[in-house]
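There are 2 protein chains.
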Amino acid sequence: MQRTVIIDALKSTALNQPINVRGWVRSRRGNKQVCFIALNDGSTIQNIQIVVDLTQFSEDQLKPVTTGSCISATGILVPSQGAGQAVEIQLTELEIYGTADPETYPLQKKGLSMEYLRTIAHLRPRTNTFGAVFRIRHHMTMAIHTYFHEHGFFNFHTPLITASDCEGAGQMFQVTTKNLYNLKKDENGKIDYSDDFFGKQASLTVSGQLEGELAAMALGKIYTFGPTFRAENSNTPRHLAEFWMIEPEVAFIDKSELMDLEEDFIKYCVRWALNNCMDDLEFLNQYVDPEHKLIERMRSVVDTEFVRLPYTEGIAILQEAIKNGQKFEFPCNWGDDISSEHERYLVEKHFGKPVIMTDYPKDIKAFYMKVNEDGKTVQGTDVLFPQIGEIIGGSVREESLDKLNAEIERRHIPMKDMWWYLDTRRFGAAPHAGFGLGFERLMLFVTGMQNIRDVIPFPRTPKTAEF
Amino acid sequence: MQRTVIIDALKSTALNQPINVRGWVRSRRGNKQVCFIALNDGSTIQNIQIVVDLTQFSEDQLKPVTTGSCISATGILVPSQGAGQAVEIQLTELEIYGTADPETYPLQKKGLSMEYLRTIAHLRPRTNTFGAVFRIRHHMTMAIHTYFHEHGFFNFHTPLITASDCEGAGQMFQVTTKNLYNLKKDENGKIDYSDDFFGKQASLTVSGQLEGELAAMALGKIYTFGPTFRAENSNTPRHLAEFWMIEPEVAFIDKSELMDLEEDFIKYCVRWALNNCMDDLEFLNQYVDPEHKLIERMRSVVDTEFVRLPYTEGIAILQEAIKNGQKFEFPCNWGDDISSEHERYLVEKHFGKPVIMTDYPKDIKAFYMKVNEDGKTVQGTDVLFPQIGEIIGGSVREESLDKLNAEIERRHIPMKDMWWYLDTRRFGAAPHAGFGLGFERLMLFVTGMQNIRDVIPFPRTPKTAEF
Numbered sequence: 001m002q003r004t005v006i007i008d009a010l011k012s013t014a015l016n017q018p019i020n021v022r023g024w025v026r027s028r029r030g031n032k033q034v035c036f037i038a039l040n041d042g043s044t045i046q047n048i049q050i051v052v053d054l055t056q057f058s059e060d061q062l063k064p065v066t067t068g069s070c071i072s073a074t075g076i077l078v079p080s081q082g083a084g085q086a087v088e089i090q091l092t093e094l095e096i097y098g099t100a101d102p103e104t105y106p107l108q109k110k111g112l113s114m115e116y117l118r119t120i121a122h123l124r125p126r127t128n129t130f131g132a133v134f135r136i137r138h139h140m141t142m143a144i145h146t147y148f149h150e151h152g153f154f155n156f157h158t159p160l161i162t163a164s165d166c167e168g169a170g171q172m173f174q175v176t177t178k179n180l181y182n183l184k185k186d187e188n189g190k191i192d193y194s195d196d197f198f199g200k201q202a203s204l205t206v207s208g209q210l211e212g213e214l215a216a217m218a219l220g221k222i223y224t225f226g227p228t229f230r231a232e233n234s235n236t237p238r239h240l241a242e243f244w245m246i247e248p249e250v251a252f253i254d255k256s257e258l259m260d261l262e263e264d265f266i267k268y269c270v271r272w273a274l275n276n277c278m279d280d281l282e283f284l285n286q287y288v289d290p291e292h293k294l295i296e297r298m299r300s301v302v303d304t305e306f307v308r309l310p311y312t313e314g315i316a317i318l319q320e321a322i323k324n325g326q327k328f329e330f331p332c333n334w335g336d337d338i339s340s341e342h343e344r345y346l347v348e349k350h351f352g353k354p355v356i357m358t359d360y361p362k363d364i365k366a367f368y369m370k371v372n373e374d375g376k377t378v379q380g381t382d383v384l385f386p387q388i389g390e391i392i393g394g395s396v397r398e399e400s401l402d403k404l405n406a407e408i409e410r411r412h413i414p415m416k417d418m419w420w421y422l423d424t425r426r427f428g429a430a431p432h433a434g435f436g437l438g439f440e441r442l443m444l445f446v447t448g449m450q451n452i453r454d455v456i457p458f459p460r461t462p463k464t465a466e467f
Numbered sequence: 001m002q003r004t005v006i007i008d009a010l011k012s013t014a015l016n017q018p019i020n021v022r023g024w025v026r027s028r029r030g031n032k033q034v035c036f037i038a039l040n041d042g043s044t045i046q047n048i049q050i051v052v053d054l055t056q057f058s059e060d061q062l063k064p065v066t067t068g069s070c071i072s073a074t075g076i077l078v079p080s081q082g083a084g085q086a087v088e089i090q091l092t093e094l095e096i097y098g099t100a101d102p103e104t105y106p107l108q109k110k111g112l113s114m115e116y117l118r119t120i121a122h123l124r125p126r127t128n129t130f131g132a133v134f135r136i137r138h139h140m141t142m143a144i145h146t147y148f149h150e151h152g153f154f155n156f157h158t159p160l161i162t163a164s165d166c167e168g169a170g171q172m173f174q175v176t177t178k179n180l181y182n183l184k185k186d187e188n189g190k191i192d193y194s195d196d197f198f199g200k201q202a203s204l205t206v207s208g209q210l211e212g213e214l215a216a217m218a219l220g221k222i223y224t225f226g227p228t229f230r231a232e233n234s235n236t237p238r239h240l241a242e243f244w245m246i247e248p249e250v251a252f253i254d255k256s257e258l259m260d261l262e263e264d265f266i267k268y269c270v271r272w273a274l275n276n277c278m279d280d281l282e283f284l285n286q287y288v289d290p291e292h293k294l295i296e297r298m299r300s301v302v303d304t305e306f307v308r309l310p311y312t313e314g315i316a317i318l319q320e321a322i323k324n325g326q327k328f329e330f331p332c333n334w335g336d337d338i339s340s341e342h343e344r345y346l347v348e349k350h351f352g353k354p355v356i357m358t359d360y361p362k363d364i365k366a367f368y369m370k371v372n373e374d375g376k377t378v379q380g381t382d383v384l385f386p387q388i389g390e391i392i393g394g395s396v397r398e399e400s401l402d403k404l405n406a407e408i409e410r411r412h413i414p415m416k417d418m419w420w421y422l423d424t425r426r427f428g429a430a431p432h433a434g435f436g437l438g439f440e441r442l443m444l445f446v447t448g449m450q451n452i453r454d455v456i457p458f459p460r461t462p463k464t465a466e467f
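Chains as they are written, first to last, in the numbering used here: chain A, 1 to 467; chain B, 1 to 467.
What the hints contain is simulated information worked out from the structure, not anything from laboratory work. Treat the hints with caution; some may be incorrect.
Pairs of lysine-lysine, DSSO-like flavour, derived with a Cα cap of 27 Å [as the list claims (entries may be wrong)]:
1. A/K200 / B/K323
2. A/K200 / B/K463
3. B/K185 / A/K184
4. B/K178 / A/K185
No experiment lies behind these values; they were computed from the predicted model shown.
Work out the full structure, taking the sequences as your base and the hints as a guide.
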């Protein structure tokens, strides 16, 4: 018999008709006359209830039906007599695909800690929480691709292995096929990479932005969406060594249009989740979000106009707050980096809504940002979110070759491998701008999860590369 | 004035109205009275023609307008008097964003070789050919995500850095943060990885399948779409060290349903290109495909039912062909691997349509494939395409823990780091199947390009990791 996916079965109106569903047993309970199996197949967080008449099925037949086992259940779809579901299935035929020994199956118990579930990351997608998180992760992927596609952007695959990088030196993973037991060195004692796979030292990229800029100078509007790497030895709930990043880059837009894009894009993603993932969001809102305010936070973002705040004004607000008794761990004088506590004060306490902070002092930002006429600030446009802090880092890019070269020189950035990047300013330079969004930061916001390791299937962090 | 994207300008019906377009000059020609600028902004392969009345603009004003320069052109949109376009723009205002010195701009000349263009991969997206290829690449990305989304699959991000792999040993890139000048070794002379970033030896993944199977056992239907790595020292037009792969994995389907999925999916992608990329396809068909049969080949695939051919029957056909005088470089007796020449003979000469070859001898296929009742063949389902050969490699997976363990033992596969994979068969095992599609193989088919380095923005191959 043709299988029906549970998300469809729950909505089916073919009552009193035969139906077949397949999935994993979430629980089994009952009495001497009847037993109820809650079955889930991953298509939705909702289980379908299988009702077993114990005059028709023997205890032996049902013995393998334990939590975690995999079955095929054929029966009649009937209106449910219990609360919580419209329909249920009266079992007529049962097939066991795979058992799950109750003595050893790790997901027997409820209320397992997030820390423990990380040690069984290969099984945690079978829980309600992680099923919800990974369905939402899929939906965010679709939202991102659909938004850019509908707005005329082209997805562009920038390389992951790179032999040139000027930003992340020291925080990069080296990629090699060299035999480490027999490292050839040259006469100066330097490792000879001529026999390495790429003929030179190679690393994993920390950003696709520079290559993305090349593409924007040809295709007009592009975005990258792929894995990115930082070999930062940070064991925090907010750092991953391998994470996914979205980096759009657009020719012919200015700072104001860039901010419009950032705001429109992120609202679109949050709205997509609200429109398409409500079952999962309601679960996370109730059982995962510490304040049960996940959905409220998400709604407040899509319904509000973001504040656009120059850094200099932001510093003034923070200093005023300090004067009025607000305590911060880090200083905040003009020229200092804005730390997470400052961001959250502005967003959560002062404005009560997302903030796009702009025009940062140039020395706290990257070399490629366009300098304002004051000569002191650059056209950065970072989006700060409640709970998360910085969720988007954006900027207008400096398109003048002379100004860019001067900045590179002032900062002593080694650019010998970066001639190709400067060619974008040498040949047909265009005003352009773009931003980067750490995908897992967005995931934290739309799931209410507290640790970034719990919004990616298999987190890579210092000393951890399991599965 | 608000900018209009050229793909929209060319379709605009706002005739005799002011319009602003911005882009890169593809060519400039004319006479003493009038000059014509062909402008492209990447939104489409079509240029828009800017007509310049030389009584209104001086030679000095126009001097920087050379091939490759970037301009903003404001004017009046009028019906075109020339052939080849419906509308053109009579220039009223010109702004130069960036020049391109004709002496040094590498894309001055037409007819540059593919080999040369690879050396300027940072600029080649500005050519008609590569603009077309990368727009189509975007469209194929959208087709893939849209297909799976509409069919109830969840996109699942499997890790790129891995500390366990049983398939690709010897062909993997090592990932390390170790100081290679001071490699700590243990008492047995083995390199001590305890101080490496992940606390053990780590590599770049060769496939997300095994992690994908974990997810399918929870979410039911998943697909991966991400970069994959092979440190194979192959300098051929068909190998990349870094390439993108699509790997769906589905619970509760059998061999026949898997073949349906493979055929339906790939037809959907090719149909998407035909429906959405015809301008680019027509260019590639005329100027890139050696036989000008790109579109014909694509149409033939979407309109035909694929042949489903057991390996054993395929071998019989090939041996019959040899008997009738067909010459092959490699032998083809039962048990031999099917080589590319054999695949293409079957697809292009014998059947004249795509072939799904099934039920291969188990010793030429991977350990995880489900063994048929004959004990000799496995339920592989590879899709073979004209021009390309194998484009999809699929199989039903062995779901029995005992059979899988026996096969692992028979092959002496070291599984000590793979306990988590075997857990899928230990707890709630389900029948399941999946396939892998090399994205660049698909790209070759839908562009007619001859070298895989020309369908990915920045190819990584032995001795090459530029840009």
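Taking the hints in turn, this is what the structure says about them:
1. A/K200 / B/K323: Violated: A/K200 and B/K323 sit about 50 Å apart, past 27 Å.
2. A/K200 / B/K463: With a Cα-Cα distance of about 8 Å, the restraint between A/K200 and B/K463 holds, given a limit of 27 Å.
3. B/K185 / A/K184: Since the Cα atoms of B/K185 and A/K184 sit roughly 17 Å apart, the hinted pair holds (cutoff 27 Å).
4. B/K178 / A/K185: It holds: about 17 Å lies between the C-alpha atoms, which stays within 27 Å.
The structure shown violates just one earlier hint, number 1.
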